[in-house]
Amino acid sequence: MGKYEGDPEWDDVVPIPQDDGEGALAQIAYTDEYAEAMGYLRAVMAAKEHSERVLDLTEHIISMNAAHYTVWLYRASTIFALNADVEQELSWVNDVALDNQKNYQIWHHRQLLVDHLYPSISSDPNAIRKFAESEVDFMTQMFDEDAKNYHVWSYRQYLVRKLNLFTEAELKSIETLLRIDVRNNSAWSHRFYVVFSDPKYSTPGSHATEYDPKIPDEIIDREIEFSKAATFEAPQNQSPWNYLRGVLRKGGRKLSSQECFAGEFVKIPENGEEDIRSSHALDFLADVWAEEGKVEKADEALRLLGDKYDRIRKNYWDWRRGTLKEEGITKGLAKVELAH
Amino acid sequence: MSLVSGPGRAGGNALPEELQLAIEPHVKYIQSLDTRKDELEYWLTEHLRLNGLYWGLNALHLLNRPDALHRKETIDFVLSCQADNGGFGAAPGHDAHLLYTASAVQILAMVDGFGELEKRGKAGGAMAVGKYIAALQNRKTGTFAGDEWGEEDTRFICCAFVGLSLLKLLQFVDVEKAVDYIISCANFDGGYGVAPGAESHSGQIFACCAALTIARRLDTVEKDKLGMWLSERQVEGGGLNGRPEKLEDVCYSWWVSSSLSMIGRLHWIDGGKLSRFILNCQDTEHGGLADRPGDMVDVFHTNFGLAGLALLEFDGLEEVDAAYCMPKKVIERVLGPGYYNDS
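Those protein sequence lines, which keep their order, are chains A and B. The first sequence begins at 1 in the UniProt record's numbering and counts up by one. The second sequence begins at 1 in the UniProt record's numbering and counts up by one.
The following block holds chain A by itself, in its conformation from the complex (with noise of 0.2 Å):
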């Protein structure tokens, strides 16, 4: 006999067998737990119950197969009508996640909860305080697991924006990830945001890719160094090299700004061999010297990047090269106009 229909409180239940097309159901063999708990849930959808018993099978269903995106979205539907603890509900979210990291569906589920319950606390700072301070106490366990996990990441992005965590805390905590891992991309993408769109100094609306005129110099000051000293740590990710550029157009500011400081990771001597600590530092130089009209040193960089340091991409560095030399030929011709 199955959990259910030996369970009094289900007596006035019957339940809806899978119905998968002819000859079907004799095949199925996947487990009878499994198959009993789906026929109760079919049953209760089709009479639309939500009740605590509802909840029970869903939490049961769930730690079978917590990928079901039908069993979650009826879950949320129950808690809303039972108008059941939100709080409770987030706790026991929190560990279904932390068993199941690659879990998609968990996460829509967190958002609609905390839609529900952000009303209720949204008047009282505090509670917000002590609310982002679980979450993120919360999220930092799943970062102990997947420091890169793109659903918690989201996740957290909608909790800055809807908590308004624009926050030297949140910033703080960005900063104890990339001790941690200063190849985390997911941790320099998620600074990045916190920090230009801070609705205290961001123009609303400024994309990720334009000049803000908006930022104070000190913010931006204070970004071009971060990421600095994580290149000194380690020279060859890219993350911070692509964060310096991102900053620097945010800044309005020119690449060759920071010709000194890539120079530190690449020495081209006129005679003998080069040393070269970062390829990065090496294609950030050659847009320096473009942007400088220096077309034949900002050539011989794309060079080597081709034919020595980033040889699986030589395609790309050669187009750079043809570019270079077309605009190079373009600006030449400007000239030669200019002087008629």
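No wet-lab data here; the hints were simulated from the structure. Errors might be hidden in some of the hints.
Said to hold, decoys possible - Chain A stretches covered by chain B per the calculated footprint, using a threshold of three residues with CB under 8 Å from any CB of chain B: (1) 182-190; (2) 203-214; (3) 310-319.
As the list claims (entries may be wrong) - Calculated cross-link-like contacts (lysine-lysine; reagent style DSSO-like; alpha-carbon spacing at most 30 Å): (4) B:K140 x A:K214; (5) A:K172 x A:K254; (6) B:K225 x A:K214; (7) B:K223 x A:K214; (8) B:K122 x B:K328; (9) A:K308 x B:K223; (10) B:K223 x A:K314; (11) A:K228 x B:K246; (12) B:K273 x A:K308; (13) B:K140 x A:K200; (14) B:K177 x A:K214; (15) A:K102 x B:K246; (16) A:K297 x B:K223; (17) A:K228 x B:K223; (18) A:K148 x B:K246; (19) A:K162 x B:K177; (20) B:K273 x A:K314; (21) B:K225 x A:K314; (22) A:K200 x A:K162; (23) B:K177 x A:K200; (24) B:K225 x A:K267; (25) B:K223 x A:K325; (26) B:K225 x A:K294; (27) A:K325 x B:K225; (28) B:K246 x A:K308; (29) B:K273 x A:K148.
Note that the Cβ used here is the ideal one computed from N, Cα and C, for glycine as well.
Position chain B relative to chain A; hints supplied.
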């Protein structure tokens, strides 16, 4: 279509000159997937069933074996997944969602089944599906929710555009607004994420590029910057990863290289090395491809590995459309013989 991984494992020990595409074993592997209903995991992966059917069928089409699955059974199953609201769920009785609705339309397009949709689909045929999709657009921001529960993700814009354009109902939605939303998702590193400001991810980049391709608005992309980021996904072994400092995976052979192809920069990566990596992910004996050599095969990686090879114009495979991830032949049949000349 079973989504269970295995039974085989990818070999990965072949010498370069031995690397061949194991066409017949792959066809047999996919055909065998629906006979595995006695495995628990078959049922635990029910929430992906319709996606799985698309993956398997597309792989068969790319292998030049479009008739390897029974056409009528395929259409029957797809239509049995349609919900009353016009959308499709992962399996009969599952809630409708854009992810499955797009797969349903793609499958029907491949088997030339739109006529059956008109005859036997929920009232309204294609129109009902179009209306379901259109109702999910957020008219304020332009983006799409996956279902009535409201979760938003750039993937859903792609699903909406794929479904609507194949049904020739793109006019049901505000394309310009959706394009503006995608533009707002562009990141400082050139990539795109799940939402504005979210980390760049090759899968999301594919979704954004595909949507922009269908909308004919690739002009909005900073192609050199994005191409640079995408080409940096190739690792020494030839495979591609989805984000910096992550492991390579066969599915990114598709997400990354199709995006590069859409923006005209596929030649920036080493195609020869990538082909060898994908071929090394095959189980040449029992069929199927895995995420990387040594791992268990599954239908998801089988499809995207083969699609990656097709994009690299590997011998013996059908030409693949980079935005739809479907055979170009099918796209031309559905959208008209001039489709590739106009774009």
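Hints versus structure:
no.	hint	in the structure
1	182-190	holds (count 6)
2	203-214	holds (count 4)
3	310-319	holds (count 6)
4	B:K140 x A:K214	26 Å, holds
5	A:K172 x A:K254	28 Å, holds
6	B:K225 x A:K214	24 Å, holds
7	B:K223 x A:K214	27 Å, holds
8	B:K122 x B:K328	29 Å, holds
9	A:K308 x B:K223	25 Å, holds
10	B:K223 x A:K314	18 Å, holds
11	A:K228 x B:K246	23 Å, holds
12	B:K273 x A:K308	17 Å, holds
13	B:K140 x A:K200	24 Å, holds
14	B:K177 x A:K214	26 Å, holds
15	A:K102 x B:K246	15 Å, holds
16	A:K297 x B:K223	25 Å, holds
17	A:K228 x B:K223	27 Å, holds
18	A:K148 x B:K246	9 Å, holds
19	A:K162 x B:K177	23 Å, holds
20	B:K273 x A:K314	13 Å, holds
21	B:K225 x A:K314	16 Å, holds
22	A:K200 x A:K162	15 Å, holds
23	B:K177 x A:K200	27 Å, holds
24	B:K225 x A:K267	26 Å, holds
25	B:K223 x A:K325	19 Å, holds
26	B:K225 x A:K294	21 Å, holds
27	A:K325 x B:K225	19 Å, holds
28	B:K246 x A:K308	23 Å, holds
29	B:K273 x A:K148	27 Å, holds
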